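Start from the sequences, fold in the hints, and give me the full structure.
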Amino acid sequence: MALPKLEELSRSVAEDPSMATGSVPTREWMDIPVVFKSGNYAYPAKKDKVEYLNSQKGLSFPNARVWSPEEDDWKLPENWKEIILNGLKERLDKFRSLKIFMDCCVRCGACADKCHFFLGTGDPKNMPVLRAELLRSVYRNDFTLAGKLLGKMAGGREMTVGVLKEWFMYAYQCTECRRCSVFCPYGIDTAEITMMLRELLHTVGIGINWILEPASNSNRTGNHMGLQPHTFKDNVEFLVDDVERLTGRRPNITFNRKGAEILFITPSADVFAEPGLYTAMGYLILFEALGLDYTWSTYASEGGNFGLFTNNEMMKKLNAKMYAEAERLKVRYIIGGECGHMWRVLHQYMDTMNGPADFLEVPKSPITGTVFNNAASTKMIHITEFTADLIKNGKLKLDKSRNSHIKATWHDSCNTARAMGLMDEPRYVLDHVVDWVEMPENTIREQTFCCGSGTGLNTDEIMELRMRAGLPRANAVKHVHDKHGVNMLACVCAIDRATLTSLMNYWNPDVRVCGLSELVGNAIVLDGETREELDDGLRTL
Amino acid sequence: MKYGAPFLAVIALVLIAWLGSLIPGMQYVFGVVFPYLAMAMFLYGFIRQVVYWGKSPVPFSIQTTCGQAKSLDFIKHNKLEAPDTNSQVVARMLLEVLTFRSLFRNTQARIYSGPKLTHESSKWLWMFALLFHYSFLVVLIRHMRLFLNPYPVCLDWLEFLDGIFQIGAPNWYITDICLVTGLVLLLLRRFCQTKVRYISLANDYFPLFLLLGIAITGILMRYCLRGNVDVVAIKQLAVGLATFQPTITADIASIFYIHLFLVCALLVYFPYSKLMHMGGVFFSPTRNMRNNTRAARHINPWNPDIKPHSYAGYEDEFREFMVDAGIPVEKELPAKQA
Amino acid sequence: MYNKGLIVPGLVVFVIIATFPFWYNGLSAGPVPKPELPPGGEKQCVAPAEVMRSEHMSMLNEWRDEVLRDGHRVAVVADGKEYRKGLQTACMSCHTNKEKFCDSCHNYTAVQPYCWDCHLTPANIVAKKEKP
Numbered sequence: 001m002a003l004p005k006l007e008e009l010s011r012s013v014a015e016d017p018s019m020a021t022g023s024v025p026t027r028e029w030m031d032i033p034v035v036f037k038s039g040n041y042a043y044p045a046k047k048d049k050v051e052y053l054n055s056q057k058g059l060s061f062p063n064a065r066v067w068s069p070e071e072d073d074w075k076l077p078e079n080w081k082e083i084i085l086n087g088l089k090e091r092l093d094k095f096r097s098l099k100i101f102m103d104c105c106v107r108c109g110a111c112a113d114k115c116h117f118f119l120g121t122g123d124p125k126n127m128p129v130l131r132a133e134l135l136r137s138v139y140r141n142d143f144t145l146a147g148k149l150l151g152k153m154a155g156g157r158e159m160t161v162g163v164l165k166e167w168f169m170y171a172y173q174c175t176e177c178r179r180c181s182v183f184c185p186y187g188i189d190t191a192e193i194t195m196m197l198r199e200l201l202h203t204v205g206i207g208i209n210w211i212l213e214p215a216s217n218s219n220r221t222g223n224h225m226g227l228q229p230h231t232f233k234d235n236v237e238f239l240v241d242d243v244e245r246l247t248g249r250r251p252n253i254t255f256n257r258k259g260a261e262i263l264f265i266t267p268s269a270d271v272f273a274e275p276g277l278y279t280a281m282g283y284l285i286l287f288e289a290l291g292l293d294y295t296w297s298t299y300a301s302e303g304g305n306f307g308l309f310t311n312n313e314m315m316k317k318l319n320a321k322m323y324a325e326a327e328r329l330k331v332r333y334i335i336g337g338e339c340g341h342m343w344r345v346l347h348q349y350m351d352t353m354n355g356p357a358d359f360l361e362v363p364k365s366p367i368t369g370t371v372f373n374n375a376a377s378t379k380m381i382h383i384t385e386f387t388a389d390l391i392k393n394g395k396l397k398l399d400k401s402r403n404s405h406i407k408a409t410w411h412d413s414c415n416t417a418r419a420m421g422l423m424d425e426p427r428y429v430l431d432h433v434v435d436w437v438e439m440p441e442n443t444i445r446e447q448t449f450c451c452g453s454g455t456g457l458n459t460d461e462i463m464e465l466r467m468r469a470g471l472p473r474a475n476a477v478k479h480v481h482d483k484h485g486v487n488m489l490a491c492v493c494a495i496d497r498a499t500l501t502s503l504m505n506y507w508n509p510d511v512r513v514c515g516l517s518e519l520v521g522n523a524i525v526l527d528g529e530t531r532e533e534l535d536d537g538l539r540t541l
Numbered sequence: 001m002k003y004g005a006p007f008l009a010v011i012a013l014v015l016i017a018w019l020g021s022l023i024p025g026m027q028y029v030f031g032v033v034f035p036y037l038a039m040a041m042f043l044y045g046f047i048r049q050v051v052y053w054g055k056s057p058v059p060f061s062i063q064t065t066c067g068q069a070k071s072l073d074f075i076k077h078n079k080l081e082a083p084d085t086n087s088q089v090v091a092r093m094l095l096e097v098l099t100f101r102s103l104f105r106n107t108q109a110r111i112y113s114g115p116k117l118t119h120e121s122s123k124w125l126w127m128f129a130l131l132f133h134y135s136f137l138v139v140l141i142r143h144m145r146l147f148l149n150p151y152p153v154c155l156d157w158l159e160f161l162d163g164i165f166q167i168g169a170p171n172w173y174i175t176d177i178c179l180v181t182g183l184v185l186l187l188l189r190r191f192c193q194t195k196v197r198y199i200s201l202a203n204d205y206f207p208l209f210l211l212l213g214i215a216i217t218g219i220l221m222r223y224c225l226r227g228n229v230d231v232v233a234i235k236q237l238a239v240g241l242a243t244f245q246p247t248i249t250a251d252i253a254s255i256f257y258i259h260l261f262l263v264c265a266l267l268v269y270f271p272y273s274k275l276m277h278m279g280g281v282f283f284s285p286t287r288n289m290r291n292n293t294r295a296a297r298h299i300n301p302w303n304p305d306i307k308p309h310s311y312a313g314y315e316d317e318f319r320e321f322m323v324d325a326g327i328p329v330e331k332e333l334p335a336k337q338a
Numbered sequence: 001m002y003n004k005g006l007i008v009p010g011l012v013v014f015v016i017i018a019t020f021p022f023w024y025n026g027l028s029a030g031p032v033p034k035p036e037l038p039p040g041g042e043k044q045c046v047a048p049a050e051v052m053r054s055e056h057m058s059m060l061n062e063w064r065d066e067v068l069r070d071g072h073r074v075a076v077v078a079d080g081k082e083y084r085k086g087l088q089t090a091c092m093s094c095h096t097n098k099e100k101f102c103d104s105c106h107n108y109t110a111v112q113p114y115c116w117d118c119h120l121t122p123a124n125i126v127a128k129k130e131k132p
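Protein chains in written order, with our numbering: chain A, 1 to 541; chain B, 1 to 338; chain C, 1 to 132.
Don't read these hints as lab results, they were simulated from the structure.
Any given hint could turn out to be false.
Heads up, simulated PhoX-like pairs for lysine-lysine below, C-alpha to C-alpha not over 20 Å straight-line [what the hints assert, rightly or not]: (1) B:K274 x A:K152; (2) B:K2 x A:K258; (3) C:K85 x C:K43; (4) A:K46 x A:K165; (5) B:K76 x A:K148; (6) A:K330 x A:K364; (7) A:K148 x B:K2; (8) C:K81 x C:K43; (9) C:K4 x B:K55; (10) A:K89 x B:K116; (11) A:K94 x C:K4; (12) A:K89 x A:K148; (13) B:K307 x A:K57; (14) A:K49 x A:K75; (15) A:K483 x B:K307; (16) A:K81 x A:K5; (17) A:K37 x A:K152; (18) A:K75 x A:K165; (19) B:K2 x A:K330; (20) B:K195 x A:K392; (21) B:K274 x A:K5; (22) A:K407 x A:K330; (23) A:K330 x A:K258; (24) A:K330 x B:K331; (25) A:K152 x B:K2; (26) A:K94 x B:K2; (27) B:K2 x B:K274.
Facing chain A, from chain B, some residues (calculated, C-beta under 8 Å) [claimed, not checked]: (28) S87; (29) F147; (30) Y198; (31) T249; (32) L266; (33) V268; (34) S284; (35) N300.
Quantities reported herein were computed from a predicted structural model and do not represent experimental measurements.
Note that beta-carbon positions come from the ideal geometry of N, C-alpha and C, so glycine has one too.
Shown next as structure tokens:
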């Protein structure tokens, strides 16, 4: 489906009758079936990818097949309902969060207008509360006394194929950004609900290719892009060439080097496509300026983890490579590059899943001597923490004027903001490298809006949906663009760098997107550099 | 159906208690048997539900950070919104439970043509919720005067403050008015706000109607239908219930039995409904966990034994390319046959 | 992580609070008020005892409004006997002992009427008169 013109979508969002514009559907939500048509769903996972993943030890991705959401028959296993209900029971026993979030909602509606998908689509089922009710109604019917006794009267409903299709539709119109959980009086986190829905859907063979293909790539080649070791190395070396061309200094890089002090892992998108490439150049310049003893890895060449968008087993399996590689290479600790969901996994899951990392040391900056006690157990620090500490200690020679062509604003990435609390470190760094302004108050920090395409929804077949879901973010950017002449949207997330670029191209074509390290790299004055005036910083051709 | 049925259900409860209490001998059932039964079911149901929650572990530390985490020394840590220690978590939880911190943050989104989106602060829901919950709490504590003998002197202070306007006799309570106002506002919200109306279920209307029924019958009994509302006899029954020697010493008006029966219905309904958010709010992992997951390891009791796709397997697949590209390998390529 | 060490104590605290009246009273219902009948032996009142028991406060409130605000000082006649509307003039002329009559129930049920913010009990009046 073609992406509507800007004027069309602008009008549609503000004026078409929808729940977000004040209209009310004539039917109850339980009575409105989902309709799949080209453009409103992401393509199902390819059969061979599902088969590959299912063949991997510790993973279960049954029912590989060719199927289409648009057809009536989804070729579900005969006993699909039993699988789903047993799967739900199993997950209730494993996750207290699920029980609490199923039982405690009072439908106060505080979350309703906090979701970017709801604001952009006006679809009532995109209100976080209803997204959860899709599952909660089934839970009530089969797992609570009130539901068993009173059925529909108590808000319960039978698990049917229609409900399953609804789950697929709306579990993939949520980016697990957790903005709603900030406002919920009981902290109900729709990300948990969506994760459970996606896990359950996978048990009957329903998943999307844009997630499962990168996941299987990452399992096999070490990164989502499927870059094989030599290609990965080539890609990084291209960036080294570029840095040399621009600055006259050729960053010294190594791969899979044993005995390096630090293992550096970043999302593979950073070495694969613009504008992430410039961020990666920023890393290279930074590490070169410091003479850091670090290595890249081709085996653990992915910071991101599409397992997080799949199920906890997949997440664990992909994540485990980081510690495995750190142990093999005998490094002291790990520095992670700029990525959102990667940092959710690293901050909240990695140590639990794959720790304890006894073979590593508590991270200590070799330049400033700062010990990062906040990562005492995980032994992995964020590049922004590392950089902020360097700046604080005056260890970087920075020339802010090299970013004078930029007026930036800061996008807090959902996961680093709401699942980590990394908010002021990047702001501290920004203050030292670029002229920047904040977006409006209720759209930043813990209230930041998602790019609209996270959790593996950054696929082109749902572009209209993405542009709608990204509208709240884009609109806040537009505000500072119009008011302060902002021309650059900076962030610390690889998915953001790709998806915000599409989003800006659509809604605010004058605003470009960059990673924080690009701005840092551009401002760094290297010893012995022969850098000329670069009107466009590291992007200068 | 969503609000009609719950409304009729509450009316039915009223009628049952009204007519039932008029049948000779049934006063004992409504005044003694049902309250004991309801209290037992409430305690059992509440404990059962909490144990049910407790039986599932919290496998991952999934706090929602609503402020700056503890990080470098020069970065100001937001201790309440991204707690790092247990005492900070307690403070965050107290703020959440006692002041409804998260609701206080509430905003209302509006979409104007352009499009232009705004997200302005909106504190109505927070105010209504506070009004209702605190009034209800005070009303509940005030009722202790009927269950405790002798009653503690602090109840006198509460009575004095709650009735400080000294309107009428019996003295009007501020919380009586606020309780009904809070409930009516919460109900109106459900009726009038399109989004809230659309998401509301019968389960949302029933407790509101039931609580309104309780409040209204209580108010009627105190201020309007005084006939045969002998407070001494009522207290004798209440204290009797609390000391397992219940007696009904007078002919008490039906309005009392209706009020009591609705309260019994609330007690029975409570543990099986969304009202368990009272207990659940303490269990929410996004609020009650420390944001120190990189500093201290959180344990998942069912952590599955899953190994990564091994480096050896990876190298086996790509060794040739790696050697060609000059990437170090663990195992060299087999020597080429001449 | 199951947090058993928090959940179990938490539940115990909850049950203790929820059952507070049960253990606070210690299975003893305590004294039941026995309001003193009029020392003068009067048997008649403005209304039957049951009505007075549940509605005296409303009646006094109405009397107060009628007498003080509207100036209707017409006496109440019950069973041929005339009563002047008022706490001191009607009620306390028979029920002379506030402590033994009024307070016995009020103290039992935690009621603190503000009657005596203005009114004097017969004992107060006597005490006042004795003072020069």
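Going through the hints against the structure:
no.: 1; hint: B:K274 x A:K152; result: holds, 15 Å
no.: 2; hint: B:K2 x A:K258; result: violated, 66 Å
no.: 3; hint: C:K85 x C:K43; result: holds, 18 Å
no.: 4; hint: A:K46 x A:K165; result: holds, 18 Å
no.: 5; hint: B:K76 x A:K148; result: violated, 50 Å
no.: 6; hint: A:K330 x A:K364; result: holds, 16 Å
no.: 7; hint: A:K148 x B:K2; result: holds, 18 Å
no.: 8; hint: C:K81 x C:K43; result: holds, 12 Å
no.: 9; hint: C:K4 x B:K55; result: holds, 9 Å
no.: 10; hint: A:K89 x B:K116; result: violated, 44 Å
no.: 11; hint: A:K94 x C:K4; result: holds, 16 Å
no.: 12; hint: A:K89 x A:K148; result: holds, 15 Å
no.: 13; hint: B:K307 x A:K57; result: holds, 8 Å
no.: 14; hint: A:K49 x A:K75; result: holds, 17 Å
no.: 15; hint: A:K483 x B:K307; result: violated, 52 Å
no.: 16; hint: A:K81 x A:K5; result: violated, 42 Å
no.: 17; hint: A:K37 x A:K152; result: violated, 29 Å
no.: 18; hint: A:K75 x A:K165; result: holds, 12 Å
no.: 19; hint: B:K2 x A:K330; result: violated, 63 Å
no.: 20; hint: B:K195 x A:K392; result: violated, 48 Å
no.: 21; hint: B:K274 x A:K5; result: violated, 44 Å
no.: 22; hint: A:K407 x A:K330; result: violated, 42 Å
no.: 23; hint: A:K330 x A:K258; result: holds, 6 Å
no.: 24; hint: A:K330 x B:K331; result: holds, 17 Å
no.: 25; hint: A:K152 x B:K2; result: holds, 10 Å
no.: 26; hint: A:K94 x B:K2; result: violated, 33 Å
no.: 27; hint: B:K2 x B:K274; result: holds, 16 Å
no.: 28; hint: S87; result: violated, 18 Å
no.: 29; hint: F147; result: violated, 28 Å
no.: 30; hint: Y198; result: holds, 6 Å
no.: 31; hint: T249; result: violated, 38 Å
no.: 32; hint: L266; result: violated, 14 Å
no.: 33; hint: V268; result: violated, 11 Å
no.: 34; hint: S284; result: holds, 4 Å
no.: 35; hint: N300; result: holds, 5 Å
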